[in-house]
Every structure is written in structure tokens, then in C-alpha cells.
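Let's have the full structure, built from the sequences with the hints guiding it.
Residues per chain are reported as follows:
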Amino acid sequence: MEQAVHLDGITKRFPGVVANDDVDLAVEKGTVHALLGENGAGKTTLMNVLYGLYQPTEGTVNVHGETQQFDSPRDAIDEGVGMIHQHFMLVDPMTVTENITLGNEPRKWLGLTVDSEQSRKQVRELSERYGFDVDPDARIEDVGVGVQQRVEILKALYRGADVLILDEPTAVLTPQEVEDLFRVLEELTDQGKTIIFITHKLGEAMEAADEITVLREGKNVGTVPADDITREELAEMMVGREVLLDLDRDPAEPGRSILDVEDLVVEDDRGVRAVDGISLEVRAGEVLGIAGVDGNGQSELVEAITGLQMPDEGTITYDDVDRTTDSRRERIEAGLAYIPEDRQERGLVMDFDLVENGLLGSQHAADYTSKGRIDWNHTRDHAEEIIEEYDVRPPDADAHAKSLSGGNQQKFVVGREFARDPRLVVASHPTRGVDVGSMEFIHDQINALREAGRAVLLISSNLDEVQSLSDRLAVVYEGEIVDIVDPERVTEEQLGLLMAGQQPDAVPTIAADGEGHQ
Amino acid sequence: MTNDSAMDRLLSASGRLFIAAAAFLTLAVLAGFGLLAPASTPGQIFWVLASKSTLSSTLRLSVPIVLAALGGIFAEKSGIINIGLEGLLIISAFAAIFGADATGSLWLGFLIGIVASTLLAAVFAVVCIEFRADQIIAGLAVWLIALGLAPFASQVFYGGPNTSNVGTFDTITVPALADIPFFGALFDASPAVYIMFLAVAASWYVLNRTTFGRWVRAAGENPKALDTAGVDVSRVRYAAVLLSGVLSGMGGAALAINIGQFTGNGPTMVNGKGFIAIVAYLFGNYNPVGALLSTTLFAGLDAVQLRLQTADVIAVPDSLVQTIPFVAVIVVLALVGKTRLPEAAGEHYESGEE
Numbered sequence: 000m001e002q003a004v005h006l007d008g009i010t011k012r013f014p015g016v017v018a019n020d021d022v023d024l025a026v027e028k029g030t031v032h033a034l035l036g037e038n039g040a041g042k043t044t045l046m047n048v049l050y051g052l053y054q055p056t057e058g059t060v061n062v063h064g065e066t067q068q069f070d071s072p073r074d075a076i077d078e079g080v081g082m083i084h085q086h087f088m089l090v091d092p093m094t095v096t097e098n099i100t101l102g103n104e105p106r107k108w109l110g111l112t113v114d115s116e117q118s119r120k121q122v123r124e125l126s127e128r129y130g131f132d133v134d135p136d137a138r139i140e141d142v143g144v145g146v147q148q149r150v151e152i153l154k155a156l157y158r159g160a161d162v163l164i165l166d167e168p169t170a171v172l173t174p175q176e177v178e179d180l181f182r183v184l185e186e187l188t189d190q191g192k193t194i195i196f197i198t199h200k201l202g203e204a205m206e207a208a209d210e211i212t213v214l215r216e217g218k219n220v221g222t223v224p225a226d227d228i229t230r231e232e233l234a235e236m237m238v239g240r241e242v243l244l245d246l247d248r249d250p251a252e253p254g255r256s257i258l259d260v261e262d263l264v265v266e267d268d269r270g271v272r273a274v275d276g277i278s279l280e281v282r283a284g285e286v287l288g289i290a291g292v293d294g295n296g297q298s299e300l301v302e303a304i305t306g307l308q309m310p311d312e313g314t315i316t317y318d319d320v321d322r323t324t325d326s327r328r329e330r331i332e333a334g335l336a337y338i339p340e341d342r343q344e345r346g347l348v349m350d351f352d353l354v355e356n357g358l359l360g361s362q363h364a365a366d367y368t369s370k371g372r373i374d375w376n377h378t379r380d381h382a383e384e385i386i387e388e389y390d391v392r393p394p395d396a397d398a399h400a401k402s403l404s405g406g407n408q409q410k411f412v413v414g415r416e417f418a419r420d421p422r423l424v425v426a427s428h429p430t431r432g433v434d435v436g437s438m439e440f441i442h443d444q445i446n447a448l449r450e451a452g453r454a455v456l457l458i459s460s461n462l463d464e465v466q467s468l469s470d471r472l473a474v475v476y477e478g479e480i481v482d483i484v485d486p487e488r489v490t491e492e493q494l495g496l497l498m499a500g501q502q503p504d505a506v507p508t509i510a511a512d513g514e515g516h517q
Numbered sequence: 000m001t002n003d004s005a006m007d008r009l010l011s012a013s014g015r016l017f018i019a020a021a022a023f024l025t026l027a028v029l030a031g032f033g034l035l036a037p038a039s040t041p042g043q044i045f046w047v048l049a050s051k052s053t054l055s056s057t058l059r060l061s062v063p064i065v066l067a068a069l070g071g072i073f074a075e076k077s078g079i080i081n082i083g084l085e086g087l088l089i090i091s092a093f094a095a096i097f098g099a100d101a102t103g104s105l106w107l108g109f110l111i112g113i114v115a116s117t118l119l120a121a122v123f124a125v126v127c128i129e130f131r132a133d134q135i136i137a138g139l140a141v142w143l144i145a146l147g148l149a150p151f152a153s154q155v156f157y158g159g160p161n162t163s164n165v166g167t168f169d170t171i172t173v174p175a176l177a178d179i180p181f182f183g184a185l186f187d188a189s190p191a192v193y194i195m196f197l198a199v200a201a202s203w204y205v206l207n208r209t210t211f212g213r214w215v216r217a218a219g220e221n222p223k224a225l226d227t228a229g230v231d232v233s234r235v236r237y238a239a240v241l242l243s244g245v246l247s248g249m250g251g252a253a254l255a256i257n258i259g260q261f262t263g264n265g266p267t268m269v270n271g272k273g274f275i276a277i278v279a280y281l282f283g284n285y286n287p288v289g290a291l292l293s294t295t296l297f298a299g300l301d302a303v304q305l306r307l308q309t310a311d312v313i314a315v316p317d318s319l320v321q322t323i324p325f326v327a328v329i330v331v332l333a334l335v336g337k338t339r340l341p342e343a344a345g346e347h348y349e350s351g352e353e
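Chains X and C, in that order, give the protein sequences.
Under numbering that gives the first Met the number 0, the first residue of the first sequence is numbered 0, with each subsequent residue one higher.
Under numbering that gives the first Met the number 0, the first residue of the second sequence is numbered 0, with each subsequent residue one higher.
I should point out that these hints are in silico values taken from the structure, not numbers from a laboratory.
Accuracy of the hints is not assured; some may be wrong.
Not the full set, but computed from the structure, chain X residues with beta-carbon under 7 Å of chain C [stated by the list, open to error]:
| id | residue |
| --- | --- |
| 1 | ASP74 |
| 2 | LEU89 |
| 3 | VAL90 |
| 4 | LEU101 |
| 5 | LYS107 |
| 6 | THR112 |
| 7 | VAL113 |
Quick reminder that beta carbons are idealized off the backbone N, C-alpha and C, glycines included.
As C-alpha cells, this is what we get:
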């Protein structure tokens, strides 16, 4: 077999960091190769070297058997290497055709004018050749993420790419779109293209790739065929130690009630009752999970409990004090911690450094202020403690939040919220988009809170997560709690039916006192 | 997401439609009065509106605003908000008169005005693109520099804030067509008016049909997409800002040569036209034709306002009549609501930065 790409001894150093350390990578022509690793393992850096965005400190890049010196992506494109970034490089108000041909427009009339007929024809031909279902005249802002990704792939193909690098291509896709993408990748390799895709998801690497290369802390840990390796082995390669994909823990010993929600009704922006009469209770030392398909009132429930939105009816009680109309600040002072579902929108200010981000939510607390001014020394110590305790990488309090990987951003948010020593934690999708190592760590932290007698309300659309962490599991459907079940005994099938609003037989329900019964 | 943007477009379209309908209706009512009762106040206003000289002064007032607005469109579409248009108009107005005076040729003066404005725009571009200055502050600096420099130069060369008179362009008159009522003004106008119409058409074509126009739009919406496609974002932005200097230079030079001298008292003869140009292209939603139409609305009201002051039609203090165009602009802006700014407008872009 012919090698499409061969990276030989690539080392890439940044000031203070070795992102890639003597990495070899060989990819055979016409195959799908997965580059697997945790966030910050150096996967994207390595691919940026191949794509000419970075120049390697040491080592050589070989494409189609020839050593190449790529000074810019332009050079890489000329040699047939294309990259589809995690954040799409598309111009939203322009059409599919305009985006695909951008910078390489067919021209007419002495090269002054874009030949739009010709552009459209070329794009249509290309799209048909690879079986892509893309309308050349649609505007990017009007099409879904899955189509946008195909436009990115077409853009690379239009420029003559033989080797396609995809950076976390599935992060933004729905399961159905992921299936479509994998079919597209298969079609591309059938026609002789070579695919390298970066991922931190074990399952996807095993499903879509022919070979998997695992990176850890900038080093190549090994390349294995996707067919004869198990999830556990891969996880161990990624993390460097055995990973407990299942938690082992003591039964809950719930204490008194910490959060009490009675007959809560929350209307969404359009006046629809998104939360339609929910009552629930979370006690000290237990995790109450909320499972359900996204958009069944979870966001509104969380916003009402955390004080981001005022409920229209019902009461919310913390520690026997009615806090239905309390402000965010009053709730934080009452011992509430909140891990928002979107860390970049609500958890962090991306342009702030970690010192400033660590202060968020505590800016009124006496510890952090002196005579009306912020005590920056204390704030810095606080941020450094979070970084140390929660293993945030790189360990630099002056780094801007946006320079961190998603997993490390999330660890910092979790660390900041847990550092308040809360009595009640509302965790909304706490591990969305984080790698397996960070996920395990966050799960351990949630368990530790439970052991310490705190109350945790956990909302997640990841069934494995809510099942393994919760003591009781409430299933929501159209703004109501359909049932509260025993997460250990309920089957995935029963959960699926409950989440679809049906009532299956023999569901192991569970009462508030923790006594399970059929 | 997609629904929102479609909705936004509909709403902004309906706002513009509403204004157009309201203007048309008012005009129809006035026309009714004009035909049935020419002596009544609304009737008199109609005849003021429908006169050839109103259209001709509307066009004359439009020239500097439209040309500066076209320049603003190119700069802002490429991601550089150029609020220094006012300064570019001032510097080119003075330079054109000075050049015409020195060379003895109005057309050479016109060219010298363009060169001066382009040079100042180049300074602005370097400061914004190379040295990453805040575009708003740099734009204000351009205005303040010109506001100080032009009257000062006038003081040095002419001994006062006003220059001497160098004469004006002869009008170009198309025989027969110039005699058409009202619209005849289109065929009996200063060359600057024709230049303005040509510039609008050319700008529309360049923005929408050429590769350069496409790159300009991409540079303002998602510079990274353009960069990864292998086009140098900085070069595109330099070109766009220089173009805004050229176009504004044409506007300022035309303004001054139209009158024959530069007057530098107070806000100078430019008197806010550069800022109105910004409103005009925003109201026109970055479309050169839209900018032309919104400018004619504003300049038309200004022309009517001037005529009403002299015609003595209504018993309202002149100073109140003078506010008509400004009130109209505020109403228009309030009704139009959202104009969609280019996504990356005002943001610095450095290739290779994450």
C-alpha cells in the first residue's frame, strides 16, 4: 500500500510547552485514519503542522512519498492536503457556491468578473460526483450544520485535496448527521481520497476508522487497527492508566431536604409552558438525575432553580427558606453552585483570564473585596488553587479562557463552582464535549460532593452519565416529570419509552425515601 | 438561527417598505392639493417639491454624501469601520481648491483632492491594519486632523479660513432632454453628478460581481475563511480603505469645486456630510443603490427646506424648518431598526492567530 502521509519525528515546541514530542504518523492512501487523544494531547497541533499552519520545530512532513516544506496552508493545499476545522471557515451570508469557490473563483471578461455560471456548474458536478446532497445556491446561514460541514469538505475537494484532515468533525453533529458523515467518508475513500480525523470519542474512532493512532501528552502511544481493539484498551492508551468507565460507590444515605420545588410552572419566551407543574425534592447526600430529550423543559427548570428566570407559578425552597423570587446573588450566598450547560456562553468570559473568571459569582463575597475594591491577590490565589486542584492545563492563571481546550474550560468552571463549598449543586450537562479523562474526573468530583452530604441536581442527555451518577432518576417529557425511577434497575429501553412520553410496564420506580419498589 | 435571520430580513425589509410607502403617500396627498388647490399651503409645498430646481439642488447636495457613503461601504464591508469619512471630505475639499488654484485647472484640482483624501485614508489604514488601533478612535482622529489641518492651511495660504474663489465646473447639458419638467434636472447637471451616478453603478458591480468584491465581503464577514482560502486579508482591507479614500476624495473635491471655494469656518463647508453618509449607507444596508436612494431622500428634504425658507410658504421659524432633514433621518433610523453589520466589522484580524 502507498503511504499518503508520513510524518517523521515531528516535534513542535511553543514557549514553555512541548505540544508534539517526536511523533511519527503513517497514513495509507485510501483509508480513514483516526487521531485519538484527550483534549490537549497535541492532535490538532500535529495536524496544523501537516496543514502548514505551524512549522515543526523538528522532523519532516512527507506527502505522497515526497518531503515537503509547508510554509502556509496555501502550500499544503497545492500539494493536495485540505483541512476542515472544528469551527467552520464559512462566510454565512454567502451562498454555498460562493464559499466553495472563494479565493479560486472562475473568472471571465479579462479576469475582472466572477463567472458565476461556471462556478455553479463546477460545484454541482463536484457535489454529484461524491454523492453530496448540497444546493449550490443555498445561503450558508440557511442550511444546517451537517450541510455546512459538507460544504467545507467540498471546498477542500474543489481545491484538489487528496488528503482531508477533519478536526473533531462530529462535535457539532446530531447522531443522524454523524451517520451521514461516516457514509460520506466511506464514499471519499472509495474514490481514493485519504481521511485523517481528529477525535476524542472512542466509539467514533472504532466505528469510522481503519486505523487508530493514539496521542497522549504530545507523544504517539501507538497505532492500532480499529478492528481488533476494545474500548477499554483504547481508553487506557488515551489516559495512560486504567479508566473506570463504571463507578463503584456506596448506597446513598440521604439526609434532610435541601431543595424543594413545588408545582413549578415556567413559560418560555414564546409563552409556552416549558415547565408544566414540576415538583421535586433533592436531599442532602443524594444525586437526583433528570433525564429527557433536550428541549423538554430542562433548561427552563434549571433557570428557575438557579434564578436566571423567574417562574410563573409554584415555589422553590432551599433549606426551608422560600427563595422563589430571590436574585442570583442571594441564591449564590445561600449556597447554590451552578454548572451551566454552555460553558462558553454562561460559564466563562472567554476574553477574561482565569484569575478574573475565577472571581465570577464571588465578586460580592467579603473574601474577595476590601473596601469596595477587588482583592486581586486573594483572587489570584483562588484561581491558582482551582487550577491545581482540578488539574487545569496549561496551569497558567493568566491564560485567557478562550485559549484553553473545552475539557480544561469545563474543569475550571466545575472547580470554581465546587470551591464555593455549596450545599446545592445544579449541574447541567457537566461533561458535554469533554474528553474521557476529564469526564471521569468530573464524575469523581460529583460523587465526592454526594459523599460529603451535599445535594446534587444533575441534568444530562447522556443516559450513561445520569444512570451511573444518580440515586434517583426523574424522566421529563413536555415539561412534566413522567416518572422517578431507580437508575440501577431501569433498562435503557424503559428509559427510552419514558423519554418519549410513554409508560412502559414494570418500571422500577423509586420513592423519595429511597425505598425502591416494583 | 435560520428562522431568526430570515425574520430579521423580513422585518428590516418591511421597515424600509413602510418608509417608502409613507413617503409616496405624502407625496400623493401633496400632489392632490397641488393640482386641485395650487394656492393652498400643501399645494405650494407640492410645487416647490416638483420644481426642476429642487431636483437639481437635491442632486448637487447628494454628490459628496453619496460618494463618501460608497467609500464607507467598501471600508466597512471589508471589516474596517471608517467613521473618518467627514475628515476625508474636508481634506479633499481644501486640497481640490488649493490644487485648482495652484495649477489653474479645475480637473487637476479635482485629482489633487482625490490624492489628498487617499493619502489620509492610507494613514488611517496603516494605523488600523498594521498597528491594530481602535478603528473608531482612529476614524475620529482622521476627522479631527482634517478639521484642524484644512482651515490651518487655508490660513497659511489665503490668510483666512476661506480660500479664494477658483470657479466651478460648467454644467453638461443634454439638448432637448434638459427641457423635460422636473426630470430635466438630470440632464442639465455638473459633471460631478454624472460621476456620482457612474460611481454608484460601478461600486454595485464591483461589490457584487467581481472577485475583489467577493473578497471584500468575505474579509468583513469571516476573515479567517478568506485567509484559509489563500487570500491575504490585510491586502484586501488596505485596498478597500484606499478605495474609500478615493471615493470620498471625489466627493469632497466635487463639493468644493461646485461652490468654487473652500470655507473653513466652524465645522467647515462639509458640515457633517461625512457623518450623514454613514447614516445613508447604513439605511441603504450597504447597498450602493440603497445609499443613493437614502441620500436623495435626505438631500431632497434639505433642498426643500432651503426652498421653503426662501419661498416663505409656511409661517414657521426658519431654524425649525432647518431641522427637517435631521428629524427625518432620526425617524427613518428608528423605523428601519436593524441593519445587519458585517460580522467582523471593527475587529482586527491577524493571520495565523487562534
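Going down the list of hints, with the structure as the test:
1. ASP74: violated (10 Å)
2. LEU89: holds (6 Å)
3. VAL90: holds (5 Å)
4. LEU101: holds (5 Å)
5. LYS107: Constraint on X/LYS107 not satisfied, violated at 10 Å.
6. THR112: holds (5 Å)
7. VAL113: holds (6 Å)
When the structure is compared with the earlier hints, violations turn up for hints 1 and 5 and for no others.
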